[in-house]
Amino acid sequence: MNEVSPIASSKHVAFDAERLRRDFPALHQDVHGKPLVYLDSAATSLKPQSVIDAVDEVYAKDCANIHRAVHLLSQRATVRYEEAREKVRTFLNAARNTEVVFTRGTTEAINLVAQSWGRSSLREGDEILVTELEHHSNIVPWQMLCQQTGAKLVVVPMTDRGEILREHFEQKLSERTRLVAMAHVSNALGTLLPVPELIALAHERGALVLLDGAQAVSHVDVDVRALDCDFYAFSGHKLYGPTGIGVLYGKERLLDGMPPYQGGGDMIRSVTFEETIYNELPYKFEAGTPNIAGAIGLGAAIDYVLSFDAGLVHAHENAVLRYANEALGAIAGLRLVGTAPGKVAALSFLMDSAHPHDIGTIVDSEGVAIRTGHHCAQPVMEHFGIAATARASLGMYNTTEDIDALVSALQKVQELFG
Amino acid sequence: MDLRELYQEVILDHGKNPRNHSFPEPHNREARGYNPLCGDKITLRLQLDDQTITDVGFVGQGCAISQASCSTMTEAIKGLTLSEAEALFSKFHTMLTSEDSSDDDIEELGKLAVFAGVREFPMRVKCATLGWHTLNQALRNESAEATTE
Chain A
483 MNEVSPIASS KHVAFDAERL RRDFPALHQD VHGKPLVYLD SAATSLKPQS VIDAVDEVYA
543 KDCANIHRAV HLLSQRATVR YEEAREKVRT FLNAARNTEV VFTRGTTEAI NLVAQSWGRS
603 SLREGDEILV TELEHHSNIV PWQMLCQQTG AKLVVVPMTD RGEILREHFE QKLSERTRLV
663 AMAHVSNALG TLLPVPELIA LAHERGALVL LDGAQAVSHV DVDVRALDCD FYAFSGHKLY
723 GPTGIGVLYG KERLLDGMPP YQGGGDMIRS VTFEETIYNE LPYKFEAGTP NIAGAIGLGA
783 AIDYVLSFDA GLVHAHENAV LRYANEALGA IAGLRLVGTA PGKVAALSFL MDSAHPHDIG
843 TIVDSEGVAI RTGHHCAQPV MEHFGIAATA RASLGMYNTT EDIDALVSAL QKVQELFG
Chain B
35 MDLRELYQEV ILDHGKNPRN HSFPEPHNRE ARGYNPLCGD KITLRLQLDD QTITDVGFVG
95 QGCAISQASC STMTEAIKGL TLSEAEALFS KFHTMLTSED SSDDDIEELG KLAVFAGVRE
155 FPMRVKCATL GWHTLNQALR NESAEATTE
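Protein sequence lines correspond, in order, to chains A and B. In this text, residue positions in the first sequence follow my numbering: the first is 483, and each later residue adds one. In this text, residue positions in the second sequence follow my numbering: the first is 35, and each later residue adds one.
Treat the hints as calculated values from the structure; they're not laboratory data. It cannot be assumed that every hint is accurate.
To be verified - Computed list of lysine to aspartate or glutamate pairs in DMTMM-like fashion (alpha-carbon distance at most 25 Å, straight line): (1) B/Lys-75 - A/Glu-614; (2) A/Lys-894 - B/Asp-84; (3) B/Lys-112 - B/Asp-139.
Unchecked claim - Partial selection, computed: residues in chain A whose CB lies under 8 Å from chain B: (4) Val-702; (5) His-837; (6) Ile-844; (7) Ala-870.
Note that CB positions come from ideal geometry on N, CA and C, so glycine has one too.
Excised from the complex, chain A in its bound form (with noise of 0.2 Å):
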């Protein structure tokens, strides 16, 4: 039995979404004097008292800089910061935590990639592909990099229910190809992609992968061996982590031919004026003193997910979906937007009657917190020839009231606009 998964059922508390709910402080609050329905898990999700408390206990006890002094709570917070490296291995499956760098976030984990990998890899005529539905921070990077190294942006459509599909991907993917970035799961549309199919059709081309599973590791498996992307970037305050803390995982054989992203300390060896000799993996990605209490309350974020078997967090949230498709759905003059089958944890909705903003607003005076405006993806608003949507969203807390409270909330809208 030495290979007891670290997910194992025996270790697993009872999933039970109302209990669970006590666990989030932020939950239990009125907001203009009606109790707070939180569905906004896609911007950022609340966080578990066990997450505030690590974070707390940083500051309030081994509040010390890492890799440095010699003094024991120097020593602690060392411990404890590779401590969540490890777990995030262990939450991502990666095979050696060297392959584990901390960021600021998503965004930094993908700026990384394209100015350390791509402007020492790319050149002109080289291509980079993405999809129509990525958010800005897995183009605009890479829109950046084109402008410094010649290389070009290519773009895989989606379809109108806001899918990618495998024969428009391999109709996009080329010789020239030498990078595919793209959503693990759409952040405006909650869509799904077939991410094992793409990988395997880019690796056979020989491109590389880079996957942005920001809206993804709350919401589906991520196993990176299983899933063989070469980059996989996220952030942990979407994992019911802090904000300010993300991860890039690379490939170790990857990383180690790329120069480092910032310089500064931590990520030298040594230093003189002649020569600096970098770090080692995966240090040398990490420039000066980090984001400590964040590294940390992201491991206890990982903690507190893998309590829950995962399967039946995934089952839950899926029935809660459901549940709102058709709820919504039955609203008449209100239509959802993104509507790809398998779709994960998001409703995007418009209503004949009134603006997403308006919308917005009025749900808000009856406690309901929804994402109004074009969710950092302009590129989905044009596709569908509109500016901006409403959009519910799911975390694990979630239950039907919290529709029903939404349905309710929405026709409220009616009676001002309808």
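Given the coordinates of chain A, work out where chain B should sit on it, guided by the hints.
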């Protein structure tokens, strides 16, 4: 919080049926406005004769607040001189953003006073000022896009 303070009848009406919602002919000024936060976009065109706004119209998309604000603005500024329009914007802006507006100031705004409730919704102030920022741009004859940022 009382939504009716924000969504007054006049606002709902102008939001649904914006006035002057087409381009005037002739016109000699144009500006575009954009709110990057929500994607609202408008194009405003006007005819300026001898420092007086003789005609004005707009085309665009946006929430009820931004559309109603553009609509009531076009009604309010038609026939005003440049400096009168600027003074009106300044009063309107003060009403939305500070507590210094006296009842007299608000009364002087006439129909535009229905936007007083927007001050209680800070996230929506930019919706109400988009049209006015665009007007400013048009009056200064600057070709760049007005943004609320």
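We went through each hint and held it up to the structure:
For the hint linking B/Lys-75 to A/Glu-614, the alpha-carbon distance of about 22 Å falls within 25 Å, and the restraint holds. For the hint linking A/Lys-894 to B/Asp-84, the alpha-carbon distance of about 48 Å lies beyond 25 Å, and the restraint is violated. Distance check on the hinted pair: B/Lys-112 and B/Asp-139 sit about 20 Å apart at the alpha-carbon level, within 25 Å; holds. With a least beta-carbon distance of about 29 Å to chain B, the hint placing A/Val-702 at the interface is violated under the 8 Å criterion.
A distance limit of 8 Å between C-beta atoms decides the matter here; for A/His-837 the minimum to chain B is near 4 Å, and the interface restraint holds. Below 8 Å, beta-carbon pairs count as interface contacts, and A/Ile-844 has one with chain B at about 6 Å; its hint therefore holds. Hint on A/Ala-870 holds. Least Cβ distance to chain B is approximately 5 Å, under the 8 Å limit.
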